[in-house]
Amino acid sequence: GNSVTQMEGPVTLSEEAFLTINCTYTATGYPSLFWYVQYPGEGLQLLLKATKADDKGSNKGFEATYRKETTSFHLEKGSVQVSDSAVYFCALSVGASKIIFGSGTRLSIRP
Amino acid sequence: DTAVSQTPKYLVTQMGNDKSIKCEQNLGHDTMYWYKQDSKKFLKIMFSYNNKELIINETVPNRFSPKSPDKAHLNLHINSLELGDSAVYFCASSQETTGAKNIQYFGAGTRLSVL
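In order, the protein sequence lines correspond to chains A and B. Taking this note's numbering, I'd label the letters of the first sequence as residues 636 to 746. Taking this note's numbering, I'd label the letters of the second sequence as residues 14 to 128.
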């Protein structure tokens, strides 16, 4: 079956630190991969996506590369800000099946 | 204009009551969803409708009944509320349901507290 596993949080970093949130997946077929972000008190919103192997999705300084050989889609940012504090969800979609979300990783950034 | 709007934002009620949550999207999308998010932020899909037809119905108690009067609206009615129903419920919509185009647009959520 299809599934997404992401690192457990919470992750706490100081401002300007480097961020990595790990995400690995299992899928039958060729999935599209997504990162969604949920700011406090809000719904999820798409942060970035990648549709095929070696694609790099990027937005707001965040990046993730679709690695088929390691079935991974790790989220990275070179210098985090307090405003990046949120819950981050890795997700996949394969064919016409429903989107599968990971369990979410809470990120807290200290000033 | 809010793309996906749901009401109410907060709902506090007693066990055994019946309540409804409404959702509307103005994105022109064909597919709408209900998700339940627990206190640990785990997100679980409950239902999905495509152009007023039910296409996803996960293992959800019969007390939960979605209703889609038209493709821009998907309401959730809950009968005989239980303590375990306390959660944040999110409505979402998408234009497509396949692969890279399956981008979900979420409402701000309804926080349901059952006392």
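No lab work stands behind these hints, which were simulated from the structure alone. Given the structure is predicted, the values throughout are model-derived calculations rather than measurements. In this text, a Cβ means the ideal position worked out from N, Cα and C, and glycines have one as well. Do not rely on the hints blindly, as some may be mistaken.
Cβ-Cβ distance ranges computed for the label pairs, FRET-style [to be verified]:
(1) 52/B x 730/A: 29 to 37 Å
(2) 26/B x 636/A: 15 to 23 Å
(3) 25/B x 643/A: 24 to 32 Å
(4) 66/B x 652/A: 43 to 51 Å
(5) 28/B x 665/A: 43 to 51 Å
### Task
Against the earlier hints, flag every one the structure doesn't satisfy and list their numbers going up.
The structure breaks only hint 2.
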